[in-house]
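Take the sequences, apply the hints, and build the full model.
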Amino acid sequence: MRLFEQALVPPPRGGIRIESSDSPHSPNALYASQARHELDEFLARAGLRQAAICCGLTGATAGAHAWLHAAFAQAFLPQHDTTGLAQKLGLRTETHTADLDREILLAMLASPVAFTFPNVAELASAVRIRRYIVQAARKTALAFDTEHAERPEDYWTYDEARGFTILPGRSLIEGLRKATQPEASGQLYAFSCYRATEYVTVLGIAQELQHANPELGRRLQRQWETRAVMSGRFHEAFLHEYGSLDAPLPQRFYVPGDRLWFRNPDAVSSDVEGYEGSWVFYLGNGQFNNFWEHGEPYTLTSKCVEIFHWRHGVRTDATGKRYMDEHIVRDRVRQTLADPAATAAVLARMARIRDPQGIYAEGGCIDATRERVRWVHAEHTDMALPDCAEPGTEWSVAA
Numbered sequence: 001m002r003l004f005e006q007a008l009v010p011p012p013r014g015g016i017r018i019e020s021s022d023s024p025h026s027p028n029a030l031y032a033s034q035a036r037h038e039l040d041e042f043l044a045r046a047g048l049r050q051a052a053i054c055c056g057l058t059g060a061t062a063g064a065h066a067w068l069h070a071a072f073a074q075a076f077l078p079q080h081d082t083t084g085l086a087q088k089l090g091l092r093t094e095t096h097t098a099d100l101d102r103e104i105l106l107a108m109l110a111s112p113v114a115f116t117f118p119n120v121a122e123l124a125s126a127v128r129i130r131r132y133i134v135q136a137a138r139k140t141a142l143a144f145d146t147e148h149a150e151r152p153e154d155y156w157t158y159d160e161a162r163g164f165t166i167l168p169g170r171s172l173i174e175g176l177r178k179a180t181q182p183e184a185s186g187q188l189y190a191f192s193c194y195r196a197t198e199y200v201t202v203l204g205i206a207q208e209l210q211h212a213n214p215e216l217g218r219r220l221q222r223q224w225e226t227r228a229v230m231s232g233r234f235h236e237a238f239l240h241e242y243g244s245l246d247a248p249l250p251q252r253f254y255v256p257g258d259r260l261w262f263r264n265p266d267a268v269s270s271d272v273e274g275y276e277g278s279w280v281f282y283l284g285n286g287q288f289n290n291f292w293e294h295g296e297p298y299t300l301t302s303k304c305v306e307i308f309h310w311r312h313g314v315r316t317d318a319t320g321k322r323y324m325d326e327h328i329v330r331d332r333v334r335q336t337l338a339d340p341a342a343t344a345a346v347l348a349r350m351a352r353i354r355d356p357q358g359i360y361a362e363g364g365c366i367d368a369t370r371e372r373v374r375w376v377h378a379e380h381t382d383m384a385l386p387d388c389a390e391p392g393t394e395w396s397v398a399a
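Position one of the sequence shown corresponds to residue 1 (my numbering), numbered consecutively onward.
Quick caveat, the hints were computed from the structure, so don't treat them as lab data. Every residue, glycine too, gets a C-beta built ideally from N, C-alpha and C. Some hints here could point you the wrong way.
[Unchecked claim] Between beta-carbon pairs, the in silico distance windows are: (1) Glu379 x Ala184: 29 to 37 Å; (2) Ala348 x Ser244: 23 to 31 Å; (3) His96 x Ile359: 22 to 30 Å; (4) Leu30 x Leu385: 33 to 41 Å; (5) Gln74 x Ala342: 50 to 58 Å; (6) Gly186 x His211: 26 to 34 Å; (7) Arg315 x Gln335: 14 to 22 Å.
Here you go:
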């Protein structure tokens, strides 16, 4: 990466921050110097030191702060648009792990909201977890079914009180792979897209815990042998949401490994089960994973166009129940994408920040927030595994 001269401007609020409020053995200035040196070294090993500005932080919270040079950001991520980053830099993220890690770090450095870590080791784990999530999401393919669910019977069992749990003695990592990756199991299993994102996320976490925090890894294994963690409790245990409707993230800002939601802004078609929206991961290189058509990832454009045409695929069966005719949707999507003017018109409607929950007005399908995994190292982890769910809780069969 060529060197960009540092502009004499105040540091941004975003980027990557290493902060520690519990460094009693070192004066703040000394700790800040150490943290800056470690962050410098980490970025240098990734080949990104010359793309970033790094400074020490002193005061109540000591540490270090890194962000992109303004000229670099303007050249490769204008207005925080990360979707063209890999192509502009010639990064081969699908075949080269180091390039995927670089894309992850560059997007984090460009973030308008700071990614804060207690030390560089936690940052390194966060990058690896994102890498594992992207690699697993690329391999994940599922059978779409909102009313039924299935898992490999040699690894999983189900009951209403506990959800799908891993069989004792079976590896959670291998069970997750077999449930989500046809190359590991030889078949497709029925999932909702929301549950699928949970499995891919847990797989990435479990892989990192093998060396970053083996004890938490063993607890994670025991948790899924005892009771599945799902939906709201899953989010609370494993994820942190960044951005908000009051301060939305830029529409084209994504970090590889982000979990995110595209909302269906049409009131009628969003009432069809499974079409309220779409949960996906950002894979990098301008792509979002496609759980239903393996090897055919979405772009931001194709995802917006597909969700727009859900309104045209709604039909009613003989019992009066609404369903989605996917053949109609696919035909409409193909026609729109073949017409630049029609595509631009759809994007003008859809590539907006979504309306608040329950409102269907002028908002588009883009969420204001993204989700990232919580810290994992033993001394700082903020993951809280529930030992069991509340008494009497029942789980959806489409889990």
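Consistency of the hints with the structure:
no., hint, verdict
1, Glu379 x Ala184: 29 to 37 Å, "holds, 34 Å"
2, Ala348 x Ser244: 23 to 31 Å, "holds, 24 Å"
3, His96 x Ile359: 22 to 30 Å, "violated, 43 Å"
4, Leu30 x Leu385: 33 to 41 Å, "holds, 36 Å"
5, Gln74 x Ala342: 50 to 58 Å, "violated, 31 Å"
6, Gly186 x His211: 26 to 34 Å, "holds, 29 Å"
7, Arg315 x Gln335: 14 to 22 Å, "holds, 19 Å"
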